[in-house]
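Numbered by our numbering, the letters in the sequence shown go through residues 1089 to 1456 in order.
Do not take every clue at face value.
Distance windows between CB atoms, simulated [stated by the list, open to error]:
no. : residue 1 : residue 2 : range
1   : G1177     : V1389     : 37 to 47 Å
2   : A1297     : A1112     : 16 to 26 Å
3   : D1281     : R1106     : 44 to 54 Å
4   : T1429     : D1281     : 38 to 48 Å
5   : A1105     : R1301     : 48 to 58 Å
6   : A1112     : G1177     : 17 to 27 Å
7   : E1169     : S1412     : 39 to 49 Å
8   : G1276     : P1101     : 36 to 46 Å
Don't read these hints as lab results, they were simulated from the structure.
Glycine is no exception: its CB is placed at the ideal position from the N, C-alpha and C atoms.
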Amino acid sequence: MCPAPPNWALDWPQIEARFDWARALAACPQDPRWHAEGDVGTHTRMVLEALAASPSWRERDMQERELLFAASALHDVSKPETTRTEPDGRITARHHSERGALRTRRILWELGATAEAREAAAHLVLHHQQPFFLVDREGAERMASRISWTCGAALLAEVARADIRGRTCDDASAILDNISLFEELCSGLGCLDERRAFPSAAHRVAYFADTSRAIDSHVAPDPTCEVIVLSGPPASGKDYWIRRHGPGWPVVSPDAIRAELGVAPKGEQGRVVQVCRERAREHLRAKQSFVWNATNLSRRVRGQVLDLCHRYGAHTRVVAIEASPEAVLERNRARAAPVPTAALERMLTRWEAPDATETHDLERVQSD
């Protein structure tokens, strides 16, 4: 559905006919102060038309054009679920970028996109408003650096320009100027068209974990041990990966500890978490490499594991294991104790796949 040469035509009715999320956009109002063009569907169509008309977009290779098209089509996908009319009559859609990134990940996963393209699109949606005002905000350099590692600053600027050109508002010219300033900031940091350079992976992890750190702050020269942190939906193949590719290290597994303690999956998990962390600390104090085997779908939960390992000076490698939706559902049904469908759905709705700002090494594995 991505416009292609020679006429670069957009078939928005075809997109609406195929996807329920696209049809829902037309029923979602917007504040006329920022979107005098009307509803979210009208805006999204205009954004895609602006993108398709952009010479810089047309000059990109097909893979990048499709990525930018998908991100632009989905940049406001969660406005229908986040839009509210305030008591003063203003229409708001707070947190639609964050919710939109989660939904983009799920949509593109179900469509069979590669993990790399899906994650780039999800982060473009997550950050699509950052270039509008980032240059005036605290932490601009760190955010620009993060963007360069998750979706690409130049690509994000392309989406942001299409977003502004696809709307009717009084401050469009000023925001377009800000997008240019965002590009200048990234260019000055050396990360407009590539990832920002760090002295080492340890410097990168420390920089993104601590907002007070300079990019060249001292870090421990040698890791104490290595920890492999698995991440992936239930039934995606994590246990299989350990059996086939694991290095034979000890494994810390919440599922195994639940069985050991006799704690049901729906029971109180405090003791399970405590035992997991105690055993991890034992390995870390002994400088013993190990594997942490859990779903780790939430950035917050995954961050607690990684932070613990990093505080002991360990080198971390996140192995993100995935399978197609069909494979996950089929394998889950075949389990002796399958995850309930409602619980699996909740987990997938909140799925935050890992990115390279969290860990020293990131490996993506497709287990189909």
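**Report entry** Hints violated by the structure (numbers, ascending)
**Finding:** When the structure is compared with the hints, numbers 2, 3 and 7 turn out to be violated.
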